[in-house]
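S.K.: Sequence:
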Amino acid sequence: MSGRLFVIGTGPGNPQQMTAEALAAADAATDFFGYGPYLDRLQLRSDQLRHASDNREELDRAGAALSMASDGANVCIVSGGDPGVFAMAAAVCEAIEKGPAAWRAVDLTVLPGVTAMLAVAARAGAPLGHDFCAISLSDNLKPWNVIENRLELAAKAGLVIALYNPISRARPWQLGEAFKLLRHHLPATTPVIFGRAAGRPNERIAVQPLSEADASIADMATCIIIGSAETRIVARPGKLDLVYTPRFMAGGKR
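Under this note's numbering, the very last position in the sequence shown is 375; numbers go up by exactly one each time.
Calculated directly from the structure, the hints in this document are not laboratory data. Note that the structure is a prediction, hence the values are computed from the model and not measured. Don't take each hint at face value.
Cβ pair distances, simulated, as ranges [stated by the list, open to error]:
1. Arg162 to Gly359: 42 to 52 Å
2. Asp228 to Glu269: 34 to 44 Å
3. Ala173 to Ala222: 41 to 51 Å
4. Glu333 to Glu273: 30 to 40 Å
5. Asp228 to Met370: 19 to 29 Å
Okay, derived cross-link-like pairs now, BS3-like style, lysine-lysine, Cα gap no bigger than 25 Å in a straight line [as the list claims (entries may be wrong)]:
6. Lys277 to Lys301
7. Lys263 to Lys301
8. Lys263 to Lys277
9. Lys219 to Lys263
Each residue gets a CB set at the ideal place from its N, CA and C atoms; glycine is no exception.
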C-alpha cells in the first residue's frame, strides 16, 4: 500500500512566511527528511521522526523518503524557501524517474513556498516589478561557462537577475567574476541588492551600485538581486530607499 509524500518549503526562515498549506502537510506527516537546519525550523511533535542529512545528499534523501512513502507512511521532505526553486522538488522528480516502479505510485504533493528572492525583493521595494530570471552560481551540477553565458544573455536581454548560491568556502571567487562580467553589459549605477536571512532576526539588507558591488559581504545565506538598466532607486529621507523596476519600458504602454 502506498503512502503519501509531501514536498514543502519553510520559506526564507521567518515562521510567519511558511504557508498554511505547508504547515497542514507537516502536521499530517509522520516522518521528515531534510537538511538539518531546515528541519530545525519545524516544531515537530514527539511522535514525528526527523531524518536529517547533509545538504548535498538530495537524491539519496529523495530515495529514502520515497521508499518509506511507498511502504505506506505519510512522509514530508523539507526544503528552505520554495521546494521547486533550486531545491528538493526537482530531486524527488528525478528519483521517481530513475527509481523503481513503486515510487511512481506514491501520492506526491509539492506545495509552493516563499522563495528567497521574493523575500529580499519585498524588503527592498519592487526590483522584480518587470521581467526577471533566477540563476544559481553553483557549478556543482553545471559548468561555469554555462553560468557565464546565461548571465551575459540575461543582462543583454534587460532582465533583472536573482542570484542563488552566490558563494561558499569551496566557491569563493564566482560572485566576484559574475560582477566583473555584468559590469561590461550594465550601467555602473545598476542597483545590487544583498539580502541575507531576509525576514529573520539577523536579517541584513544592503544596496550597492554595480561598480562598487563587494562580493565579500555575501555568503550562502545571501540572495542577490541585480537590477536591469531600467531599475531605479527612490530616495526617502529618514527611511530606507526604495529599489524598483518599472512595469513599463521605453516604447511600451502603461
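S.K.: Holds or violated: 41 to 51 Å for the Cβ distance of Ala173 and Ala222?
M.R.: 29 Å, violated
S.K.: Verify the proposed pairing of Lys219 with Lys263, using a straight-line Cα cut of 25 Å.
M.R.: 20 Å, holds
S.K.: Mind checking the hinted window 42 to 52 Å against the Cβ distance between Arg162 and Gly359?
M.R.: 34 Å, violated
S.K.: Kindly confirm whether 30 to 40 Å is satisfied by the beta carbon distance between Glu333 and Glu273.
M.R.: 21 Å, violated
S.K.: Can you confirm whether the C-alpha distance between Lys263 and Lys277 stays at or below 25 Å?
M.R.: 21 Å, holds
S.K.: Are the Cα positions of Lys263 and Lys301 separated by 25 Å at most?
M.R.: 20 Å, holds
S.K.: Can you tell me whether the CB distance of Asp228 to Met370 sits inside 19 to 29 Å?
M.R.: 44 Å, violated
S.K.: Is the hinted range of 34 to 44 Å satisfied by the C-beta distance from Asp228 to Glu269?
M.R.: 41 Å, holds
S.K.: Given the proposed pairing of Lys277 with Lys301, does the C-alpha separation stay at or below 25 Å?
M.R.: Within the cut-off at roughly 15 Å; holds.
Checked against the numbered hints above, the structure violates hints 1, 3, 4 and 5; every other hint is satisfied.
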